[in-house]
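Chains as they are written, first to last, in the numbering used here: chain C, 49 to 397; chain G, 16 to 83.
Careful: at least some of the hints might be erroneous.
Claimed, not checked - Where chain C lies over chain G, by a calculated footprint (3+ residues, C-beta under 8 angstroms):
hint	stretch
1	23 to 33
2	36 to 47
3	50 to 56
4	71 to 78
Said to hold, decoys possible - Interface residues of chain G toward chain C, partial, derived using beta-carbon atoms under 7 angstroms:
hint	residue
5	Met-16
6	Ile-17
7	Val-18
8	Lys-19
9	Glu-20
10	Pro-59
11	Lys-67
12	Leu-81
13	Thr-82
14	Glu-83
For the record, the hints were derived by calculation from the structure and aren't laboratory data. No residue lacks a Cβ here, since even glycine has one placed at the ideal position from N, Cα and C.
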Amino acid sequence: MAQKLRAVHYINQFFAQLGGEDSASVGIQVRQGPVGPGLGLQKALGDRAEIVATIICGDNYIAEKLDEVVPQVLQEIKSCAPDLFFAGPAFNAGRYGVACGALCAAVKKELGIPAVTAMYQENPGVELYRSDLFILKAGDNARTMAQETQKMADFAFKLRENQVQGFPEEEGFYERGWMKLTRSDKLASQRGVDMLLAKLQHRPFQTEIPLPHRDEVPRPAPVKDLRHTTVAFATDGGLYPAGNPDKMPPANSTTFHAYSMDGQDTLKKEDYTIIHNGFDKTFLLQDPNRIVPLDAMRTLEKEGKVRMYPEFLSTTGLTTNVVNSQKIGKSMAQYCREHNIDAVVLTST
Amino acid sequence: MIVKELERAGIPTVQYCNMTPVAESIGVNRICPSTSIKYPFGAPDLPPEEEKAARVKMLERALDCLTE
Numbered sequence: 049m050a051q052k053l054r055a056v057h058y059i060n061q062f063f064a065q066l067g068g069e070d071s072a073s074v075g076i077q078v079r080q081g082p083v084g085p086g087l088g089l090q091k092a093l094g095d096r097a098e099i100v101a102t103i104i105c106g107d108n109y110i111a112e113k114l115d116e117v118v119p120q121v122l123q124e125i126k127s128c129a130p131d132l133f134f135a136g137p138a139f140n141a142g143r144y145g146v147a148c149g150a151l152c153a154a155v156k157k158e159l160g161i162p163a164v165t166a167m168y169q170e171n172p173g174v175e176l177y178r179s180d181l182f183i184l185k186a187g188d189n190a191r192t193m194a195q196e197t198q199k200m201a202d203f204a205f206k207l208r209e210n211q212v213q214g215f216p217e218e219e220g221f222y223e224r225g226w227m228k229l230t231r232s233d234k235l236a237s238q239r240g241v242d243m244l245l246a247k248l249q250h251r252p253f254q255t256e257i258p259l260p261h262r263d264e265v266p267r268p269a270p271v272k273d274l275r276h277t278t279v280a281f282a283t284d285g286g287l288y289p290a291g292n293p294d295k296m297p298p299a300n301s302t303t304f305h306a307y308s309m310d311g312q313d314t315l316k317k318e319d320y321t322i323i324h325n326g327f328d329k330t331f332l333l334q335d336p337n338r339i340v341p342l343d344a345m346r347t348l349e350k351e352g353k354v355r356m357y358p359e360f361l362s363t364t365g366l367t368t369n370v371v372n373s374q375k376i377g378k379s380m381a382q383y384c385r386e387h388n389i390d391a392v393v394l395t396s397t
Numbered sequence: 016m017i018v019k020e021l022e023r024a025g026i027p028t029v030q031y032c033n034m035t036p037v038a039e040s041i042g043v044n045r046i047c048p049s050t051s052i053k054y055p056f057g058a059p060d061l062p063p064e065e066e067k068a069a070r071v072k073m074l075e076r077a078l079d080c081l082t083e
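Just chain C, same shape as in the assembly (with noise of 0.2 angstroms):
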């Protein structure tokens, strides 16, 4: 009988059940067997591999120290001499989507063995690590676990056999902007032709080639003298005053407001919340300064350094998706023009 693959599978501390964002800063652990939706990749891998350890990382402790903290769990990862490796899925789970592109993109560089993830288009890592990885397409929540761990599991069979001959949309997984020769019965020439004539018609066509879109912004010109200039701040982290009287969501918001903070030497713990779902609160809710430091302005604005616009913009950045994170930045422009803000400093949690 053949031997079993052995396999590494890496997952969060809230898939691991050991808590929420309370729990985003435990660091490595390492446990024998599946755990988690270990669990169900192990079914999807039946007697083809046996998922011999798992490796649990709170979302912060490796997102906040990524080059430190990758090559510690890729030790661990190397301790079990595995043939597969597995991370994930992340679906929209920013912090984990990085931390899985990055621990695949290290293994499959260090052990040259499979390497698998997946998760959501709008998932950053899918943008950072596309091009270093195959990143298997996911939905946006665990609602699809099972589909996502079966795919993952069939997938490093492929990639270890190297059967991964698909176009992306065959494969499931995204883009990685490599040119593939393929065989065709029409000279490129005529496909050319067929393809201007289509589009000349307003008929569908499929490019052979699709450009990368770039929406590169020109760099605004820098502030010359900070004396001179109104700086606002803004944050996606979620600050609103006490009992969100907007009733701003808790995820996914589609606008921001602005709140004064006219009068005020420092934003006081009392007067202040924070709606946002994506991180542990407890430190900002202590003190608010943490994420729009008031205080730290008023010094420097007695000091004579700079002029501070006295109403801060929020809005709620958790898995905003990007045609409402370009709204909220479309108006914060307008609102910028309009009342003479000539600069901004946006706190991102």
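For chain C, the structure is supplied; the task is to place chain G on it using the hints.
For chain G alone, coordinates are given in the frame of chain C:
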């Protein structure tokens, strides 16, 4: 994404954040790394007066990015 729209309107903006590779991958022009996801302008291990002094330094660093 929000920062890109502000920049597109010509407003010098600095993103003060922890996961700088994410901001870089989107093409944000001015990024200033913070020391933590949970308390960007904070240093909760320090006593309050020292934390505030540290915060002033962090803010100065972020504001300096606007001038570059």
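Hints versus structure:
no.: 1; hint: 23 to 33; verdict: holds (count 11)
no.: 2; hint: 36 to 47; verdict: holds (count 8)
no.: 3; hint: 50 to 56; verdict: holds (count 6)
no.: 4; hint: 71 to 78; verdict: holds (count 6)
no.: 5; hint: Met-16; verdict: 3 angstroms, holds
no.: 6; hint: Ile-17; verdict: 4 angstroms, holds
no.: 7; hint: Val-18; verdict: 6 angstroms, holds
no.: 8; hint: Lys-19; verdict: 5 angstroms, holds
no.: 9; hint: Glu-20; verdict: 3 angstroms, holds
no.: 10; hint: Pro-59; verdict: 6 angstroms, holds
no.: 11; hint: Lys-67; verdict: 6 angstroms, holds
no.: 12; hint: Leu-81; verdict: 4 angstroms, holds
no.: 13; hint: Thr-82; verdict: 5 angstroms, holds
no.: 14; hint: Glu-83; verdict: 6 angstroms, holds
The structure agrees with every numbered hint stated previously.
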